[in-house]
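Undergrad: For the record, the sequence lines run as chains A and B.
Note that full-length UniProt numbering has the first sequence beginning at 1, numbered continuously upward.
Note that full-length UniProt numbering has the second sequence beginning at 1, numbered continuously upward.
These are computed hints drawn from the structure, not numbers from a lab.
Check each hint, because a few of them may be wrong.
Non-contacting residues of chain B with respect to chain A, defined by C-beta distances greater than 12 Å in every case (computed) [said to hold, decoys possible]:
| # | residue |
| --- | --- |
| 1 | 61 |
| 2 | 65 |
| 3 | 136 |
| 4 | 220 |
| 5 | 275 |
| 6 | 289 |
Here are some, though not all, of the chain B residues that point toward chain A, as calculated from beta-carbon distances under 7 Å [unchecked claim]:
| # | residue |
| --- | --- |
| 7 | 42 |
| 8 | 71 |
| 9 | 75 |
| 10 | 78 |
| 11 | 352 |
Not the full set, but computed from the structure, chain B residues with beta-carbon under 7 Å of chain A [stated by the list, open to error]:
| # | residue |
| --- | --- |
| 12 | 40 |
| 13 | 51 |
| 14 | 246 |
| 15 | 349 |
| 16 | 355 |
| 17 | 363 |
Glycine is no exception: its CB is placed at the ideal position from the N, C-alpha and C atoms.
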Amino acid sequence: MPGRTKAQADASSQDADMQDVPPSGQDEINQDAEMRENAEAEEEEEEEVEPQRVRILPGSTDTAASFEFTDEGHTLGNALRYVIMKNPDVEFCAYSIPHPSEPKMNIRIQTYDGTAVNALKKGLSDLQDVCDVVAEEFWTKRQQFNSEQGIDR
Amino acid sequence: MAPSAEELLRRNTVGINKETVSNVASTDFPGHFPGEDHAFSIERFRSAFSVQFHRNELNDASFSLIGIDASLANAFRRILIAEIPTLAIEDVYIENNTSVIQDEVLAHRLGLIPFNGGRDGIHNFLKWYKKPEAGEDPYANSFDWNTVRLELNVTCTVNPDAAPNENDPLKAYNHAHVYAKDIVFVPTGRQVEYFSGDNAIVPVNPDILIAKLRPKQTINLAMHMHKGIGADHSKFSPVATASYRLLPLIHITKPIIGPDAEKFQRCFPQGVIGLEKVTREEASKSGSGYEGHAGEFKAVVKDSMKDTVSREALRHPEFEGKVKLGRRRDHFIFSIESTGQWDSDELFLEAVKHLKLKCKKLEQQVINMVQ
C-alpha cells in the first residue's frame, strides 16, 4: 500500500500532519508511527519473499496464452474474466478451476491485437479502478444516508 | 447507433416466466452487438454506477449497488464471507473437563463463539499468527500482538439456599449453565493498552450456552485466539450473512381492474401492489383498456423491491398475458449482517479494499513473470 506508506513517512517527519491522517491511535503518536513503520517494513520484506503465484502455461503464444494463478479462485477468476472480456482487443477470455482440491485457477486469453499478457495487465488495473469508484461512491452515499438518518459513528 | 430505451430495458431484465427463466447472461461485451461500443472505460462505469442505502445499523446493513456486473458484485460478496480476517478462538488447552460435553465438542463450541473488542486493537494492533513448525516450541510464535488469551474456570456446586425439593437446576445449583459471559479475558503485554475498559475482548452475546453442569462437575481451560479468515474456517467469517438479490420487476402490460385487481394484489407480499381508482380521463380514452371502468380499482406497482418473486401471479389464468415478471440484471440489493467485530458498512469497504489489494499484488506478479 504505497499510499499508506507515504502518509506515515510524512507523519514521522512532521508530527503536525498526523492530525490530518484520519483514524489512528492518538495517544502515542511517535511510538505508534514507529511501530507501524516497523510492521510495514516487515510486510514489505514478506512481499519480497512472496512466491511467484502467476505463471504462463506451456504452449502459449504472444496472442493466445493461458495463465495459472495459485491460491486464487472464483472470486478473482470471474471478476477478472469479466473485465478482460470488456477489452475490445480480446477475442476470447475464460477462466476455470481445473480441480477443486488444487488451489489453482487458470485464465485463457486470446487477443486480436496486442499481447495476452498486456490484456491481463490491463484487466488487473481496470479492476483496481473499479474498486476505487465503488469505494468512493459507497463512501459518499453512506455519509449522506447517515447524516439524513442521524446515524452518528 | 444507440439502442432504444426499450431495447436497453429488455437487455437489463432477466425474465422470470411461469416455468423458466430467460435472458440470463450479460451481453455488455465488445462485439456482441454490431456497431455498439461496450469497451471498458472507467468514466463510463463511474457515470453508470450508483449506490442506494436502505438500512445502516451496526449489525445489519442493506444497500443497492446499481450498474455493476454480477461477476463484480459476487466477488465482493465472496470476499465478505471468506477473506476478511477476524479474531476467534483457535486453540483450547483443557486442564480439566468433567462435564458431559466431550473435550473436542466443547472446543468446537468455544471456537464458534463470536467475540468483540477494541477496534483499533483488533484491526491494527493484532497481526497474523504463524503456526510453529512441527518439533518447534508450540508457543514460539505466540506474542501479545498475535495471540489473545482467555480462560474459563467454572465448577458447579449445590446451592445451599435453594428449597429442598427445588426442581429447577438453575436454582438448585450454582453454575448449572456455563455461558459465554463466564469466559475471562486475560490481557498480556501491550494488550492492556488496547483492550481495557470498554475495549475488553468480550463475547458479542453474553448469553450463549456453552455447557450444562451438575454439582462437582468442572470445566477448567485456557484458550488462545488468533486471526484467521472464513476460507479456513467459518468461525473466522466476519458476517452472519452477506447476500444479494436482484431487484424484482413487475410489469403490468394490460389493465387489471375490479375484483381481479384485489386478487392480483393478494398474489404479492404486502405493499408491493397498490390499488388506484381509474380516472375519468383514463376511462374516456379509447383503446386504453379502461373504457367504462371509471371509479373502479386498478392494480399498480407500488414497491417492487418488497416482492419475493413467488410467481404466484403467473398461476392464475385471469392474469395471463397481463403481467410480466423479471429482475433487473444490474441492480444488486445487498444485505450484510456483521457478527460484531466490524460494522456492517465498514465490512463492505474492507471487501472493496481487499479486492483492490489482491489485483495490485497480482499485477506486480504478472510484471515479475514477464521479466
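Undergrad: Against the structure shown, which of the earlier numbered hints fail to hold, in ascending order?
TA: 1, 2 and 14
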